[in-house]
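Chains as they are written, first to last, in my numbering: chain A, 163 to 452; chain B, 10 to 191.
Hints were generated in silico from the structure; no laboratory data involved. This one's a predicted model, so the numbers in the text were calculated from it and none came from an experiment. Ideal Cβ placement from N, Cα and C applies to all residues, glycine included. Each hint should be verified, as a subset may be incorrect.
To be verified - Pairs of lysine-lysine, DSS-like flavour, derived with a Cα cap of 25 Å:
1. LYS217(A) to LYS294(A)
2. LYS190(B) to LYS336(A)
3. LYS158(B) to LYS352(A)
4. LYS419(A) to LYS152(B)
5. LYS167(A) to LYS190(B)
6. LYS167(B) to LYS269(A)
Stated by the list, open to error - Incomplete in silico selection of chain A near chain B, CB under 10 Å:
7. ASP178
8. GLN182
9. PRO289
10. LYS294
11. GLY344
12. ASN347
13. GLY367
Claimed, not checked - Calculated from the model, a selection of chain B residues having no Cβ within reach of chain A, i.e. all distances over 10 Å:
14. ASN96
15. TYR100
16. SER101
17. THR103
18. GLY104
19. ASP124
20. GLY177
21. LYS190
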Amino acid sequence: MTQFKFEGIGTSWQIDIYQQLSTTGESGLLSKIKNRIEIFDKTYSRFRDDSLIMKMSKQTGVFLLPADAEPMLSLYDDLYKKTNGLFTPLVGNILSDAGYDAKYSLKQKKELQIAPGWDEVFEYKYPNLNIKKPVILDFGAGGKGYLVDLAAKVLEENGVFEYCIDAGGDILHKNKTSIRVGLENPENTKEVIGVYTLQNGSICGSAGNRRAWGNFTHIINPKTLASPENILAVWVAAETALLADALATCLFFVPAKTLADAYKFEYMTVYSDRSIEKSPNFSSEVFVSP
Amino acid sequence: MEPQSNLQKNIGIFLGVIIILGVFSVTMFSDKKSPDVSVTSQVIPDTTGIDNSVIPTPPVSKTSPVAPKSKTPPVVDKPKQPVSAYNNGTYSATGSYMSPGGYDQIGVSITIKNDIITATSATNMASDGRSQRYEDRFIAGYKQYVIGKNIASVNLGKISGSSLTPEGFNDALAQIKAQAKV
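Same shape as in the complex, but just chain A:
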């Protein structure tokens, strides 16, 4: 088995390849994956000045989006409508003003403004994004999951079909045998509260415990301008990491039944009193108090 471990988009990646690879095949593949991640980062990161996102935050005008934008923007558009605007990329300014800016100042700079509606600031008609009012777009909610899917595409384009990609706990797995994924205890990262059995699909987790400062976590409700306190963690299992990742954020703001008709997914939510809610087919054992 080949294992790649590296840092990318601000988190630790581990890619397990269950097929046999030659040494040249290995190093070539790792470069291709890292390149793909760099291209994505250069487009969508709000943490670097040279990104497309940061260009769009400074001037109005029509910007040409890269080809990979379509699936992600399309899902964002749909979820934006279904959650009544609670899931939106227009949280970049809110996060930045709250302190989670490119410099990690982690101090609230100014009064937060409620996220505007899409119509107020841009017009999206793929492949063009017409920026009417400069804003910082943040694709953190689904971007990492999407990049996991894109990395998988690189693997498959290079003849690798049995793998497991783990980007800081957002996981995509393709193999005949399943793997056991521990569900990290949001209150104690040395523990797990359950084990999920993953096979041929993705599980993504979301919790506010690691990126927390002052009164905020990196999950801020765009309308209340506060970080949800009633939910400690959410896991979503779906076919793609893009969907699992995006839905994990959605479930901090809306109940699962709002989205259950439109999307195929399983989930588990851990509330602040440590009670859980999970869908019937969320295939995990959970450690509960007797």
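Once you've looked at the hints, dock chain B against the given chain A.
Using the frame of chain A, we list chain B on its own:
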């Protein structure tokens, strides 16, 4: 006079029975047990097929079989392994009970997969204010609460949780925490 004292006695007995039943029902609630009588039930069959995921049952269970104790010499035949006792599906029932406040109801739903309860929920259907409060307590009390187990003690391939954060973020966090200290 004879007939009146008889009537009073009967009323007394009747009230006594009601109170006993009521106390019994209330006690059942505070012990977090589910009510007895089911009036209506509907079954939604689960057609997604059997999977082998193991999910622990919640604490409340009235269906675990108890082996009968015996004082006779050792049994020659071993008791049979029970076959699947329940069809997979989601079952709802409305329980009715008598309380000091009167006749009341509570809704309970469970999902069974491979003879294991994989999901439960309860709905407050009480009409009387006091019963509503008791039902609320019951509903709040029987949720499943998670506990953590040390990672080293669990056989795992991967871990999923909030993302590991970049060094820069953790450093910044450490700095502001230090600044915030008195």
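When the hints from earlier in the document are held up against this structure, which numbers fail? 2, 5, 6, 8, 9, 10, 20
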